Amino acid sequence: MTAAVFFGCAFIAFGPAFSLFIFTIARDPLRVIILIAGAFFWLLSLLLSSLVWFIAMKASNAEDTKVQTGLLIFGVFFSVLLQEVFRFAYYRLLRKANEGLAAISDEETSPISVQQMAYVAGLGFGIISGAFSMINILSDTLGPGTVGIFGDSQYYFITSALMTLAITLLQIFWGVVFFDGCEKSRWWVIAVVVCLHLLVSGLSLLNPLYEGSLPPVYAITVLMAVWAFFASGGSLHNLSLLFTRKILFVLQLICFVKM
Amino acid sequence: MNTSDSEEDACNERTALVQSESPSLPSYTRQTDPQHGTTEPKRRRHANSDTEAGHAARGGVAAPRERDSGPVPDGEDEELTVKYGAKHVIMLFVPVTLCMVVVVATIKSVSFYTEKNGQQLIYTPFTEDTNSVGQRLLNSVLNTIIMISVIVVMTIFLVVLYKYRCYKFIHGWLILSSLMLLFWFSYMYLGEVFKTYNVAMDYPTVAMIIWNFGAVGMICIHWKGPLQLQQAYLIVISALMALVFIKYLPEWSAWVILGAISVYDLIAVLCPKGPLRMLVETAQERNEPIFPALIYSSTMIWMVGMANPSQASDSADRSADEEVRHSEDVILEREEAEPEVQMHRGQNRSYSAEEELEEDRGVKLGLGDFIFYSVLVGKAAATGGDWNTTLACFVAILIGLCLTLLLLAIFKKALPALPISITFGLVFYFSTDNLVRPFMDNLAAHQYYI
Chain E
7 MTAAVFFGCA FIAFGPAFSL FIFTIARDPL RVIILIAGAF FWLLSLLLSS LVWFIAMKAS
67 NAEDTKVQTG LLIFGVFFSV LLQEVFRFAY YRLLRKANEG LAAISDEETS PISVQQMAYV
127 AGLGFGIISG AFSMINILSD TLGPGTVGIF GDSQYYFITS ALMTLAITLL QIFWGVVFFD
187 GCEKSRWWVI AVVVCLHLLV SGLSLLNPLY EGSLPPVYAI TVLMAVWAFF ASGGSLHNLS
247 LLFTRKILFV LQLICFVKM
Chain Y
6 MNTSDSEEDA CNERTALVQS ESPSLPSYTR QTDPQHGTTE PKRRRHANSD TEAGHAARGG
66 VAAPRERDSG PVPDGEDEEL TVKYGAKHVI MLFVPVTLCM VVVVATIKSV SFYTEKNGQQ
126 LIYTPFTEDT NSVGQRLLNS VLNTIIMISV IVVMTIFLVV LYKYRCYKFI HGWLILSSLM
186 LLFWFSYMYL GEVFKTYNVA MDYPTVAMII WNFGAVGMIC IHWKGPLQLQ QAYLIVISAL
246 MALVFIKYLP EWSAWVILGA ISVYDLIAVL CPKGPLRMLV ETAQERNEPI FPALIYSSTM
306 IWMVGMANPS QASDSADRSA DEEVRHSEDV ILEREEAEPE VQMHRGQNRS YSAEEELEED
366 RGVKLGLGDF IFYSVLVGKA AATGGDWNTT LACFVAILIG LCLTLLLLAI FKKALPALPI
426 SITFGLVFYF STDNLVRPFM DNLAAHQYYI
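Protein sequences appear in the order of chains E and Y. Quick note on my numbering: the first sequence kicks off at 7 and runs consecutively. Quick note on my numbering: the second sequence kicks off at 6 and runs consecutively.
Note that these hints are calculated values from the structure, not bench results. Do not rely on the hints blindly, as some may be mistaken.
[Unchecked claim] Only pairs whose alpha carbons sit at most 30 Å apart, straight line, appear in this in silico DSS-like list of lysine-lysine: (1) Lys92(Y) to Lys418(Y); (2) Lys278(Y) to Lys417(Y); (3) Lys102(E) to Lys113(Y); (4) Lys113(Y) to Lys278(Y); (5) Lys92(Y) to Lys252(Y); (6) Lys418(Y) to Lys173(Y); (7) Lys200(Y) to Lys102(E); (8) Lys418(Y) to Lys102(E); (9) Lys121(Y) to Lys229(Y).
[Claimed, not checked] Pair ranges (Cβ atoms, derived): (10) Val99(Y) to Leu212(E): 34 to 44 Å; (11) Phe174(Y) to Ala10(E): 57 to 67 Å; (12) Ala10(E) to Asp446(Y): 41 to 51 Å.
No experiment lies behind these values; they were computed from the predicted model shown. Even glycine gets a Cβ: it sits at the ideal position worked out from N, Cα and C.
Assemble the whole structure, with the sequences as input and the hints as a guide.
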């Protein structure tokens, strides 16, 4: 497969996450540490769920494909649940660390707020889950082969990349909303996040019927983006301010240039 | 291939984290930002014959430093610890990541380092080409025992040399080993890269490249040089060393050796009679920094000179030799007061304690850490070709390093940097390779997403 496929899929899948990392995380050491620790927690959840799946798989009949597929689906849902459990565990850890940081710092407040930690944790989860889904596929795009030679879909790479992007963004938004729900003790929020995650994974089970999986997943992504925006303190007023400021700024620039 | 010299020196290296001084002694240090251009000419990294006054100053200010330790309150120090803790962690994340990236990139592209053609190091004489699993396991354990005993013997030898002040010997040994690394191994590496990419090259050009690379490297590492260039060279030689290990250590032996060396590191640094601990304590008694030449140092500390000419010759002799240790010691230090003297040492300025409390102290990690971390990740990349395993080991090692630094901030004394990271790395390697890989492969085949 061509370099175009490789670069295209790499940028689709990792472009936003990478730029978010560069612009918001890379400069602050504390955020980098929180990001890597978030990735570590996601890995732990994956490890445990793989262990469970592996045991179940070995205990069952390896020849029976229906059972194996069923076990895989079970593995998917179990992994999602475990991810959310570990997200909660990470939330608790970060809360404790935050209190510690606040106690030790100069101004009696922690250098990082819970909302920022929520975003960074979500990004950590997103990056590592995207990487684990996509990196092997990307390395395959550099090698020889014909896509779909056995009758599978031609669009395997691009849909994988798009799905990875969606999952990464969703993990960020779920992180923000989840932590916010925990902070305000709104347990229904957590339940909704878990259900949405299960729904998204469930939709991915429809692959290779991409019409059934990708558009709904992106719709959910947009909805989650809006929810996360409002959960982290945004409002329509802020948005309007942003636009008017921008317009004002642009107008000033034009006046300045004209002078 | 018999890489005895470099192997010896590899075997010299210990893994230990050392605390240089007690944390409440910031007084006579002033650390400038290494990026700051104007500090360039004043930078003096290593002892050599014309830094006598510098070392005199080092000797000279040790005492007043200790005197001033009293009034510095603990709480303030703790705050500084946490404030700069995250920054120090990142200062180590970056070079460790770079080293691992270099090793993984080489492993994935240059096939030379993954080809096994039966050659082994003399330190691992037992072959793994046996018929039964039990025999193979036994051979790898035997190989490990031999390797670890060689390392132990070398360490003890080194400690003895250091104790009896045979600095010239150590100096010569280290220069020889870094010569080998910088010239021979990099020549081999360059040759293999050219072969992989089928680049036509002539000997005069190669000679010039290697000569320049090696000569600048020797100068940077053993004498003076810009901090970032020196850091880059240390990363490169760690990567080269790790590649040699990856190529020449047999499969199972490598994993067992990694485990065993973490245990050894733990023992050597924490036990009262451990060789590394003795090394650290001896160096602290003499108020000398431990092996500054071949420990990766993230920053440089400056000290305004308090030149004490009477101690000039004594200190010069001492420090000139200790700095060129090519140590595989995993030494993680909270660099409290590495005395570097500014060029204008004629000034006998006294120093106020308050100024230094704001300054960053930097952190050091031994090259052995870099090497073994890279060996772990490189082997994860070499076997199986699965990127998930490599990524998982990478994250595990970084988290281990983070935890180790946290412990260092809490305990404020010499700590081994290998055990936690290598344990996490090994656990993640084996579990990702055997459990997560089939799971993720199945998911990818069906395009299920979790």
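Results for each hint:
no.	hint	verdict
1	Lys92(Y) to Lys418(Y)	holds, 19 Å
2	Lys278(Y) to Lys417(Y)	holds, 19 Å
3	Lys102(E) to Lys113(Y)	violated, 41 Å
4	Lys113(Y) to Lys278(Y)	violated, 42 Å
5	Lys92(Y) to Lys252(Y)	violated, 34 Å
6	Lys418(Y) to Lys173(Y)	holds, 29 Å
7	Lys200(Y) to Lys102(E)	violated, 54 Å
8	Lys418(Y) to Lys102(E)	holds, 25 Å
9	Lys121(Y) to Lys229(Y)	violated, 39 Å
10	Val99(Y) to Leu212(E): 34 to 44 Å	holds, 42 Å
11	Phe174(Y) to Ala10(E): 57 to 67 Å	holds, 59 Å
12	Ala10(E) to Asp446(Y): 41 to 51 Å	violated, 25 Å
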